Structures are given as structure tokens and as C-alpha cells.
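> Since each chain comes alone in its own frame, lean on the hints to assemble the complex.
Going down the list, the protein sequences come from chains A and B.
Mapping the first sequence onto the numbering used here, position 405 (from 1) lands on 405, and the numbers just tick up by one.
Mapping the second sequence onto the numbering used here, position 63 (from 1) lands on 63, and the numbers just tick up by one.
Treat each hint with caution, since some may be false.
[As the list claims (entries may be wrong)] Examples of chain A residues lying across from chain B (beta carbon under 8 angstroms, computed):
#1 V335
#2 S338
#3 M339
#4 Q342
#5 A454
#6 R458
#7 T460
In short, the hints are calculated from the structure, not lab data.
Quick caveat, the model's predicted, so the values are computed rather than measured.
We put the beta carbon where it would ideally sit given N, CA and C, even for glycine.
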Amino acid sequence: MNFLKRAGLSLWSRRGRTLVMTAIFLVISTMVLGGVLIRDATARAGDAARNRIGADVTMSMDLGKAAEGGGMLQAPQIATSTVDRIGDSPFVARFNYQAYYATGFPDGVTYEGASAANAEAGSGTPPLVVGAMDSDAMAGFSSGSKKLLDGRPITRADRDRKVVLIEERLARSNDLSTGDKLELGRIEADASTGQEKVAAYTEFTVAGIYRDSADQDPEYLTPSGNGIIAPIGAAARYLDGAQNKSATVSQATFTLDDPDDFAAFEKQARDEAGAELDGFAFQINDKAVRQMTGPLSAVSSSATAAMWLTGVAGAGVLALLTTLAVRQRRREFGVLLSMGEQRWKLVAQQVTEVVVVAALAVGLSALFAEQLTQKAAGSMVSSEASTARKQIDAWEPPPPGSTGLNEGIDMDDRPVEGADPIDEITVRLGNSALSTVAGVGLGIGLLATALPAASVLRLTPRTILSKGK
Amino acid sequence: MTRTTPTDPPVLQITGLSHSYTGQARRTTVLRQIDYSFRRGVFYTVLGPSGSGKTTLLSLAAGLDAPTQGTIRFDGEDLRAIGLGRYRNRHVATVFQQYNLLTYMSAAQNVTTAMEITRVKVRDKKARALELLERVGLDRHQATRNVMQLSGGQQQRVAIARALACSVDILFADEPTGNLDEDTAQDITGIFRELAHDQDKCVVVVTHSQQLATRSDVTLTLRKGRLTATPQRA
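Okay, chain B solo, but in the shape it has when bound (with noise of 0.2 angstroms):
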């Protein structure tokens, strides 16, 4: 699989990008004139004490909201323009700490579901959800359980591997390890590496673990909402 290299065109481009929340009685600027280039290929993990803005950082680039000021691009156009429900349905994949999965549905079909409103191409979608399933752990027998009687771990695999089923260029993760053990944790790893590397994804988590952030390509770090990025390797 070929690698992306630097002077290849980023996947995501954020450039000035703030973002502040109206409280009660005041208004809090999360992130500061952030400007950053993402690229195919790349594990990129987001360090940062709690409450420098991590998660908005991750949600405003999964198109989960808006920014209130900057731009972000991908493949060069702006989201704006694409429309953020387009964004999300055809190039991006979120993996959330609580995991949100459907409640009402067993592990296949939370992995079928996505792939349905993803309009992924695959004859037999099934075969696929248990394929990806299998792939983060998980037996036939646990992936046509209901998700609410899997462990939370299992439940994390499982919001994996449906996002893995979207066909999407981009993979953000919010805390994916967080709820795990550490054997779970270094598999779950291991796959967004694979992802990055072998199926040339950018793949972006937010963590708080360090662990996990020297298993990534780049570690950026949010510290009062200014970003500054760390290459683990060469």
C-alpha cells in the first residue's frame, strides 16, 4: 500500500478556525485561530488536558457542528459547501466514547444500518458486518446479540467496526480506549494503524492516553485551545 507523503495535498485543511460556546452569562472561546493539515495515511492522535477542546476540535472536523469562525476543507472544498450532512454520509466516520450505538438492534445490524445509510456497495452486507466484526473481536454468536447485552468494551468494538463498514476517507475517534483493557486497547490500536497504514485512511483520535499517542504518527496537542503538532516519527 503506497504511503502518503508530505507534499501530498491534505485530506482535511483547517485554517482559522475558532470556536467559542454562549453559556448563561458569559461566552468561552474553546479554540483559538487553529490552523492544521491533515493527511491520507496518517494516525494522528489529540493530546490535551480535559476541557482544551479536543472533543469540539474532533467534532467541527467530523462535521458534527459548525465552526463559529475559520474554515475547513476537505479535498480542497469547503464543508460549507459540500453540506455537513453530505460530509458526514460520504467521507467521515465518528467512533464516540459512549460508543452510541442503537440500542434496539444487535451488533450486525448496527454495522448493516451504517453501511445502509452510507449507500456502501457491498452484495451481502451481513457477511460484511460480521466480517468487520470478527476483524475487532467479535464471534457470530456476540454479533447477532442486542449491543445492550454486550460488555462495554464489546460495545466499543462494535462502534468500530461500524465505522470501519462506512467506506469513508477519514476516521475521527473519541476516546476509543478509554472504557477498554489494555489487551483490547493495543488491538483497537493496532487496527487504526492498519487503517492508516495499509487502507491509507486518515484515521484521528482523541485521547488522553500517552500509550496510545506513541503508537500514532503525529500527536497534536491542545493546550488553551492553540494546537501544536509532534511527529513520533520520522
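Isolated chain A, as found in the complex (with noise of 0.2 angstroms):
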């Protein structure tokens, strides 16, 4: 181990040189080190964000595949047992489907919209039952735009059982309260004159009252202070045009617990299902995610950029130096080399002194970096979530009855309520960290040293001597 003590005398006698090279590690690896738990911080907070909100599967109808065979597009239906089943998957969080009956009331009900004219005449807009399987999760009630305001909500539990969630202004012009009776009807059109007309009626309990803020349905206009929850079961059984008929869905939403998983979810559904997915297409919908985590990836790519130009600019300029270096050391080489020396151990004597100074470089850095790190990446975090921030606050929806494509409005673009942009993260320092800069020090230093080293000791002792003699 004389090469040891070599290269320990080296260093010391070299103080100057020693403390340069120190110093130009320092700084790569706080550089590399800084990244790296950024990079980290950022991918912890992102999977957090990921578990906590998860992301939206739209199962529906695959129009792609509808407009390849031309003609009527009629969106395909699956029913809620199958649903059950590809939601029962251990990669969904939760899953919601629903489906809209039109219904009819009997005489004596009052609802907005409603005239003796259109009454007579089966026309204007019929009232519409949302049949659900769970009534929290629908986007209403997550998203706060609906509030439970009396009784309880509708749960899978209750899926063919005859209650109904109804709206505060429904239940007022009709003095109902929880635990009334309403009767709904199932409408059926007219073999002879085509018209639509209320075959039967079933009798629903009110389970609970709620509030709508928003002023019409989303999907289909109708005024929202009509609005009736029923369980789909139920609501299939009762009101819809086949009597009995078990209940089939259009859509169904699926919330993963991990955006990833999404493949292996899709492969596992069209498995369960089989052919009665036939006709449908998944469409992940990470946009709440992406929303809160957007000023994390741009504070990740930046932090990565920065890294990678730190690590490979400093490589190059440690290169350099330990190649100058290793120049310098040649005729040390060839006097070790004629007192015959190995060859190896002069490589082991260079490689320990540049192991060393990146050893003490790596230590010192992972002394302050953590706190360094934290200090950048909070400024950071929180500028870019405040520029995201402002980007939400200044979208503004259509004007009502407007699909907002003559005011250059694109929905899609309308923000994620409760998913407010990440405007902080937590920089911990790991060994995993601190073994990737190690790593990436002790690389950088091997190649500078190994390269020119490999060069000079190719040659014999009497050509290293006698060069420049």
C-alpha cells in the first residue's frame, strides 16, 4: 500500500493545488448534490400530489372508431354490473357512472319550466332524473358546486332501492322534505301517434335535499332546480322506456390511485370485460395532477438542466486539470516506473488522490447542501406556483348559454377546482443522493485521471525520462 502513503504525501505537499481541485469538486458536487434533491423533492411531492388526487379514466364511447364506420354515431352502452366489476380493480381509488331518465310528474307538482301548454302538449323540457351510483362521488358534489343539505346521500348500497336526492328549490315549490313521498313516471311514446306520454308511476322517498349552484345541468341545460338523484338501479328499473330493464351506462369514470397505471388498468378492464367493451375508449384525464404539480416539472427541469451542465462542464474543466496534472507528473512516473514500480499502483496512487479530494468535496457539500438546496428550491417552487396561480386566476368561463368558442374560450383549458398549484417542497437529504453525487464525482474523477494516465504509462521509462530532455 505505498501508494497510499504516496498519494497522501502528494496531496499535502501540493496543498495549493489539493485546495483548487477541492474547491472545483465543492462546487460541482453542491451543484450535482443541489439537483439531484431537487430533482428528488420534486418526484416525492409529485407522487404525493398523484396519490392524493389521483387521476381520471373516462371510459366512453370511442368516436375514432364510431366515425371509421360511418353512419348514425350511437354511443355504445355496458352495463353497471360489468362497470362494478372493472371498478372493483386494485388500481382504482374510487369510480363513478351515471345515467339520465327522462321522467314525468304527476299533476300538482310544480317544477321550473313547467306550463299547462307544454304539459298538454308533452313538449318543453321534461324533467330529468340523474340515476347515480353514488352521489358524493358525483362531480357536483366533490367539486362543491352541489351541497348535501338534508338527509343522507345516495350511496352503492342503496342501487335499487326507491329513493331520491332532490333540489332545494324542487322540494320547496313542492313543500317536500326528507322522508316525503314522490311519485315519478316512467315515459313510454305512444305506439299510434309516436308521441311520448307517463306509462306508470313509482312512488321514490326523499332521502335528502341539496343545493345546485350552478344554474343548469351541465350535460344536458336542463335548469338545474329540477334536479333529482335516484340510484341507477333503481332509476333503471323504474324510468326507463323498457320496463325492468337492468341498468346500462354510456360513460363511467374510474379515479386511479397512480396515473401510471393506467395501461396495466386499461389491459385489465378489456380482460374483465371482453367484448362488452367493444366500441369503448379510455381516456386518462391527469389535468388536476398536472395542474398542481406543473410548477414542480418546471422547477425539476431546471434543476436537471442545471445539473447536467454543472456535472458536464465540470467534469471537462476536471479533466483538464488532471490531465494537466498527470503531464506535469510524467518524469515522477518514469522514476517510479525505472525503480520499477507497477504499473497499477501508479494509476491506484492518482485515482486515491482524486478519490479523496472528491471524498471531502462530497462531505463538505453534504454538509450545507440540504439547507442550500431547500432555500433555492423554495424560491423557486413558489415563484413558478405563482405564476401558475395567476394563470388559473385569470381564466374566465364563457358567459352562461355560450360554449365559449366564439369568445376564444377553450373548456379544456378551464382549471381543476381544489387543485391548487404546489408552491412548496421538501429537500431531504438521503443516501440515495448522496450516492449518485459520490458516484457521479468518483466517475468524473476516474475518467480525468484514467485517460491521460492510460496515456503516459503506455510508454517505457527511458521514453518518459528522456522526453522534453
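Structure below.
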């Protein structure tokens, strides 16, 4: 281990050079460590957000495939029992589906948009019942635009029970409260005239009363004050055109724990449902996660770029310095070789010197990199989050009744409520980050040493010693 | 101490040795078909004009380079079979004209490093290094100073002490007294003689100094790549 002693003596006697090399290594390792820590912290925060929010996967008609077939577009239907089986996948945190059923009220029930003329002609806006699996999982309730004022929500257990939630305006105008009965009619087309009329009424119990702050139903644009929500099984059985029909839906939403599981989930769903899913497509919407993690992605990209830039530039500078140092030491190599020292020990001495300097620098950078990076990353994330927040706040919906096309507003840009951009991250220095930086430092050092050393050591001692004489 | 006689087997035998360098446009032959046998207990000097190939001969004999043609045998074994690195490590030591010391070490550290590399079995290497340095005229204070703080003559003494420290059979020296004053040169020559005559080493010194040559046992002259030997004493 004579080369270790020589390495120590060399480092100590050339203290100035050792100090300069340590300083350069320190800058590089701090920058690289900072980059690694920011990348780790943003990845952790992103994972946490993904796990908390998940990602919505919508299963609906495959429009592309339907268009290829030509003819009328007709949404395919799938049995809710099949959707339930798909929704029971371990990838799914929660799922939901709903279907709309036209209904009719018996005489005496008042509702928005109702008039004697409409009722007689069978035209106008018929009241709609939303058949739901779980009212809490409906978009309105989760976003807060719908709020349960009294009673209880509709759950999966209510599937075939004749219960309903009604909007408070409908309840008020008909003096209904929780526990009261409400008759809903099944609409059928008259065989001779083709006109739709109520074929039969079924009595439902009001399980709860809710408030809808929106003006209209987002899909059918019916007045929200007429809102009725019923368990989908009961709605299909008692309100659908064909009596006693089992519930089917044309669309379902699944919330995945991790957006990365999307492909695996779709495969599992298709295996589970087989031909029943023909005509359906799965589309992931991780907008909420993207909205939350947007600032993190920007910071992570900058940190990664800075890390690579510093790493490569630093490696270049170090390689240059080490190459010069090795060239300056060629006479030393020649002398040692003339004494019969083994070549690998000369390389080992060089490597030891670089490793000692790298270890010193990485050790020093580990002392303060965490605090330094936390400060820098915190400020970067906060600034990015503030910019993202401003963009979200600046978005304005189109005026009521407009699709936004005329105003140049893309509804897909609509911000997701309750998904604020993440504005802080926690930097944690772990063994893995330290190992990465130590590995990078060692790699740079070895490469910078081995190449010039090899170029000198392939020569004979005489050639080395006589060069430049 | 027993002196070697001409009938003893040679420690180093050179046969048909030629060496050339390939320059940018032409090939220069420096040594031509040299045959010679070096023996233990003899102090040799190699004389010759500049460019005659003295240093090349020394380099090849010391295993610092491989000859273009011919063989060199140490105790009857071809250097190629021994391996040049092993040969340098176990059997020879070289003193260079440019000293070639390890500049980040003290004089004593230079000597102990050589002992470590050549695996000299000494219990207290530092004490042995100080003893050797004292023998070549460096006191303890000078021995512990960085070699770059020593004069040229002192550095040459350190280089010689380093060579002495390696317990080897042959000592080669390239112009060892070229940078030394008269008195020191005399001292160093005395050490070489002592090594050959008292310790039965083979000492080969390349020099321009006729004075040094007169104190050697055998003077070899290199001229136009050919070697001739002149015994100084019977």
C-alpha cells in the first residue's frame, strides 16, 4: 500500500493544488447534489399529489372507431354490473357512472319551466332524473357546486332502492322534505301517435335535499332547480323506457391511485369485460395532477438541466486540470517505473488522490447542500406556483349559454377546482442522493485520471524520462 | 570482501545488441552489434563523445527500454524472460543525470520510498535512509527537508543514496558527477568504488570525465555505436 502513502504525501505537499481541486469539486458536487435533491423532492411531492388526487380515466364511446364505421353515431352501452367489476380493480381508488332518465310528474307537482301548454302538448323541457351510483362521487358534490342540505347521500348500497335526492327549489315549491314521497313517471312513446307520455308512476322516498349553485345541468342544460338524483338501479328499473330493464351506461369514470397504472388498468378492464367493451375507449385525464405539479415539473426540469450542465462543464474542467497535472507528473511516473513500481499502482495513486479530494468535497457539500438547496428550491417552486396561480385565476368561463368558441375560450383549459399548484417542497438529503453524487464525482475523477495516466504509462521509463530533455 | 575474478560468470551479458531510433524521416542506429559481459565487484565507466549512445546503452542495460536487436542476460537469464519491470525492481538501480527525485518528498522520504518499492527488508527504513544520506554527506536536517530546497549537488547525493538503498546487484549512473564540485565528485566516486570492491556490486557509470574514468576498474569507450574496453588496472 505504498501508493497510498505517496498519494497522501503528494496531496499534502501540493496543498495549493489540492485546495483548488477540492474547491472545484465542491462547487460541482454542491450543484449536482442540489440538482439531485431538487429532482428527488419534486418527484416525491409529485408522487404524493398523484396519490392524493389520482387521475380520472373516462370510459366512453370510441369516437374514432365510430367515425370509421360511418353512419349514425350511437353511444354503446355497458351493463353497470360489468362496470362495477372493472371498478373493483386494485388500481382504482373510486369510480362512478351515471345515466339520465326522462321522467314525468303527476299533476300538482310544480317545477321550473313547467306550463300547462307544455304539459298538454307533451313538449318543453321534461324533468330529468340522474341515475347515480354514489351521489358523493358525482362531480358537482366533489367540486362543491352541489351540497347536501338535509338527509343522507345515495350510496352504492341504495342501488335498487326507491329513494331520491331532490334540489331544494323543487322541494320548496312542492313543500317536500326528507322522508316524504314523490311520484316519478316512466315515459313511453305512444304506439299510434309516437308521442311520449307517462306510462306508470312509481313512488320514491326523498332521502335528502341538496342545493345546486349551478344554473343548469352541464350535460342536458336542464334547469338545475328541477334536479333529482336516484340510485341508478332503481332509476333504470322504474323510469327507463323498457320496464324492469337492468341499468346500462354509456360512460363511467374511474379515479386511479397512480396515473402511471393507466395502461395496466385498461388491459385489466378489457380482459375483465371482453366484448362488452367493444366501441369504448379509455381516456386519462390527469389535469388536476398536472395543474398541481406544473410548478414542480418546471423546477425539476431547470434543476436537471443545471445539474447536467454543471456536471458536464465541471467534468471538463476537472479533466483538463487532471490531464495537466498528470502530464506535469510524467517524470515522477518515469522515476517510479525505473524503480520497478507496477503501473497499476501509479494509476491507483492518482485515483486515490482524486478520490480523497472528491470524498472531501462531497462530504463538505453534504454538510450544507440540504439547507442551501431547500432555500433555492423553495424560492423557485414558490415563484413557479405563483405564476401558475395567476394563470388559473385569469381564466374566465364563457358567458351563460355559450360554448366559448366565439369568445376563443377553450373549455379544456378550465382549471380544476381544489387542485392548487404545489408551492413548497421539502428537500431531504438521503443516502441515495449522496451515493449518486459520490458516484458522479468518482466517475468524473476516474475518467479524468485514467485517460491521461494511461497515455503516459504505456510509454517506457526511458521515453518518459527523456521526453523534453 | 571477495573480489570477482574474470573467470566468474558475468552478472550482465550483452550479446549482439543493436538499437535504432526512428525519427520523422529516417532511422538512426545508435548501437551496433555490441557484445560485452559485466561482472560483479567491478567499477566500469563508459566514455564517448556526445551522441555516441552512452545513455542508450545504459538505458537498455538498466531495463528502462527494450533493445531493437540482441539479448541482454542477467545471471544468464534473458531480461525478456525476467520482465523489465521485475528486473528494474529486484536487480538494478539507476542514478540519473537529472536526479529525478520525487519532488513532493523530503530526501529521507525519497530513500524510504525506493526501499518500499524495491521491497528492501529493513526493520527501520527511516533510520536506514538517514544513515545512507549521512554516508553521501547529508546531515539529518538536510535529510528531512524537501528535495526542492536542496542544492543540485545535494539532490544528486540523495539520488545516489536512493540507489544505494535498493539492495541490488548492479548500479547504473548517468553522469552522476556532472553537476557536482570537485570534492563532492571525488566523494561520490569513492562511494562507487567502495560499492564495487567492498560490496561486490557491479557499478556502471556513464561519464565524460576522464578523471572519473581513471578511478574505475574498466573503461569502456563507445564510438560510432561500437564498444571497446580498456582495463585501468591489472
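> Against each hint, give a clear statement of whether it holds in the structure.
Hints, one by one, checked against the model:
no.	hint	in the structure
1	V335	holds, 4 angstroms
2	S338	holds, 6 angstroms
3	M339	holds, 5 angstroms
4	Q342	holds, 7 angstroms
5	A454	violated, 16 angstroms
6	R458	violated, 13 angstroms
7	T460	holds, 5 angstroms
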